Amino acid sequence: MCSLPVPREPLRRVAVTGGTHGNEMSGVYLAQHWLQSPAELQRLSFSTVPVLANPAATAACRRYVDHDLNRTFTSSFLNSRPTPDDPYEVTRARELNQLLGPKASGRAFDFVLDLHNTTANMGTCLIAKSSHEVFAMHLCHHLQLQYPELSCQVFLYQQSGEESYNLDSVAKNGLALELGPQPQGVLRADIFSRMRTLVATVLDFIELFNQGTAFPAFEMEAYRPVGVVDFPRTDAGNLAGTVHPQLQDRDFQPLQPGAPIFQMFSGEDLLYEGESTVYPVFINEAAYYEKGIAFVQTEKFTFTVPAMPVLNPAPSPAS
Amino acid sequence: MTSCHLAEAPIKKVAIFGGTHGNELTGVFLVKHWLENGAEIQRTGLEVKPFITNPSAVKKCTRYIDCDLNRIFDLENLGKKMSEDLPYEVRRAQEIYHLFGPKGGEDFYDVIFDLHNTTSNMGCTLILEDSRNNFLIQMFHYIKTSLAPLPCYVYLIEHPSLKYATTRSIAKYPVGIEVGPQPQGVLRADILDQMRKMIKHALDFIHHFNEGQEFPPCAIEVYKIIEKVDYPRDANGEIAAVIHPNLQDQDWKPLHPGDPMFLTLDGKTMPLGGDRTVYPVFVNEAAYYEKKEAFAKTTKLTLNAKGIRCSVH
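Chains as they are written, first to last, in our numbering: chain A, 1 to 319; chain B, 320 to 632.
Keep in mind the hints are simulated off the structure, nothing from the lab.
Warning: the hint list may mix true and false statements.
Pairwise CB distance ranges, derived in the manner of DEER restraints [stated by the list, open to error]:
1. A:Asp269 with B:Glu355: 18 to 28 angstroms
2. A:Gly258 with B:Pro329: 18 to 28 angstroms
3. B:Lys610 with A:Glu95: 43 to 53 angstroms
4. B:Glu359 with A:Glu95: 19 to 29 angstroms
5. B:Ser402 with A:Glu273: 32 to 42 angstroms
6. A:Val226 with B:Gly593: 48 to 58 angstroms
7. A:Glu221 with B:Glu414: 53 to 63 angstroms
8. B:Pro421 with A:Ser151: 36 to 46 angstroms
9. B:Lys491 with A:Asn121: 34 to 44 angstroms
10. B:Ser402 with A:Asp85: 26 to 36 angstroms
11. A:Asp66 with B:Tyr483: 40 to 50 angstroms
12. A:Val226 with B:Lys547: 42 to 52 angstroms
13. B:Pro421 with A:Asp235: 34 to 44 angstroms
List time: in silico DSS-like cross-link candidates among lysine-lysine, alpha-carbon distance up to 25 angstroms [as the list claims (entries may be wrong)]:
14. A:Lys291 with B:Lys547
15. B:Lys378 with B:Lys351
16. B:Lys379 with A:Lys291
17. B:Lys516 with B:Lys547
18. B:Lys543 with B:Lys625
19. B:Lys482 with B:Lys351
20. A:Lys291 with B:Lys351
21. B:Lys610 with B:Lys519
22. B:Lys625 with B:Lys547
It should be emphasised that the depicted structure is a prediction, and the values quoted were computed from it without experimental measurement.
Glycine is no exception: its CB is placed at the ideal position from the N, C-alpha and C atoms.
Sequences are here, hints too, so could you generate the full structure?
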């Protein structure tokens, strides 16, 4: 169990991490900006630390140097004995675990917000572990209510039995913001500004919670993964086709069995052979080609989120 | 009528380069498939050779290993003594030059198409290096007409200091084919379809020309580079402002003095100065951050070409 069920005390220690992937530029530039001018992160009842998660990858404008940092926060990487040959990101993950964790301990940060971009047309996507993360669910709901025009979709990543491996799992509560489409290495003003506004609203929510605001129960709709589909490939492992024009850019829209998903070099269509409707996400994400993923299949489901316990407001100044 | 036409030698050898930048995937995909099955690019009487120019960069899905292959085909780099210490791309440039370049005036490639993608919203773009090249102006006119109503823009990079030594420049007729927007490391079906059509029309033109078709004098609108504009930077050299939302994705559209150009991280708008309207291209190209280019200013002008016909007919 890596996080407390529901916070019963105000959140005091919060971090916002950018540059976990060094070529996802909204978070890179925001983290660098806040490291110079942290004022806009300040709130009355808690402190927020900006962190540039992967400095070496950021300097090279690459996703990672040796190993995807956002896949490195498992106990096997974090707790194994350090050696001089360790990949850069393994060493860095241990450092971040010391700074923001240790994962699954009482000393971990109360909340980590991790900033990402995708080349997929996922709009404003909020990524949390599961529907049981009551605090994160209320936060997502708050963002959806504040910005109805953004149509924020919630993606819950936890697969049963699998340990979480992402950066924000080191804290007691976490959320990732995934904004797209944006090419790697490109900083778009519209996406940057949206990310910045969303971060401010996340911090405002934590302040509201700390001040004793009531958050009643509600129904939430979210998407959870049920599988992945790779590109069609040649015997040599090269791409044999591309995401079909009718699937491209249609993240979160229903995909029916029999609908085209790939277009081969010859022009022939490959059709979806699943047995039920799925909701594809991360369609044509650049970083997932090497992971063998053309898109992630999700199912949509609805669940009830219980009310959050109301805190007694005790706004001590941020330490 | 035929006396108005310039007689040009038939085109014998054409090369199609992909992967000059290893993460611009449309050209990589097309060339790899044409190497297996080249039917689509064959034309009677014409040798068409597809070729991956930067295989190491393609393998790592990165723009380059040591230096940008598309900037080093100048005499100095091509003339360096071959050694293991040379940057990978310089060694590769010399190999490419020996395979495709002129050998004492004979046995070289007439046309080289070099396939590229950009993260900028440039649509279908043809890149021209010489404003007086009648053959290429005629080819570009043919391609534009054939693609219509799909827009196809011509970018002229002829400039005393801003022109760069491209991979394709070793051919008699170098053609840059640039299609965007597409992120690095992504292959989009719509962009693939556009590039494929551009190649098809280009090869059809060469075939018609070789077969004796006369192409009357024509004119095309081109955008000629004036200067490159860097991002505003702070004292540490870090980017201090972003392409303004009003300019983002507006490649080829007029930008007037006073129009928003950059937006600072503090939310201040920086307008275009000067006294003339320009046409921005390569707006927010990922690979150009390190080259200190936020966009390039161009001016619109018309190029005329004389009529041409193949000299053997």
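Consistency of the hints with the structure:
no., hint, result
1, A:Asp269 with B:Glu355: 18 to 28 angstroms, "holds, 20 angstroms"
2, A:Gly258 with B:Pro329: 18 to 28 angstroms, "violated, 50 angstroms"
3, B:Lys610 with A:Glu95: 43 to 53 angstroms, "violated, 33 angstroms"
4, B:Glu359 with A:Glu95: 19 to 29 angstroms, "violated, 52 angstroms"
5, B:Ser402 with A:Glu273: 32 to 42 angstroms, "violated, 54 angstroms"
6, A:Val226 with B:Gly593: 48 to 58 angstroms, "holds, 56 angstroms"
7, A:Glu221 with B:Glu414: 53 to 63 angstroms, "holds, 57 angstroms"
8, B:Pro421 with A:Ser151: 36 to 46 angstroms, "violated, 57 angstroms"
9, B:Lys491 with A:Asn121: 34 to 44 angstroms, "holds, 42 angstroms"
10, B:Ser402 with A:Asp85: 26 to 36 angstroms, "holds, 31 angstroms"
11, A:Asp66 with B:Tyr483: 40 to 50 angstroms, "violated, 33 angstroms"
12, A:Val226 with B:Lys547: 42 to 52 angstroms, "holds, 48 angstroms"
13, B:Pro421 with A:Asp235: 34 to 44 angstroms, "holds, 38 angstroms"
14, A:Lys291 with B:Lys547, "violated, 37 angstroms"
15, B:Lys378 with B:Lys351, "holds, 12 angstroms"
16, B:Lys379 with A:Lys291, "holds, 14 angstroms"
17, B:Lys516 with B:Lys547, "violated, 30 angstroms"
18, B:Lys543 with B:Lys625, "holds, 20 angstroms"
19, B:Lys482 with B:Lys351, "violated, 29 angstroms"
20, A:Lys291 with B:Lys351, "holds, 21 angstroms"
21, B:Lys610 with B:Lys519, "violated, 32 angstroms"
22, B:Lys625 with B:Lys547, "violated, 31 angstroms"
Taken one by one, the earlier hints fail for this structure at numbers 2, 3, 4, 5, 8, 11, 14, 17, 19, 21, 22, listed in ascending order.
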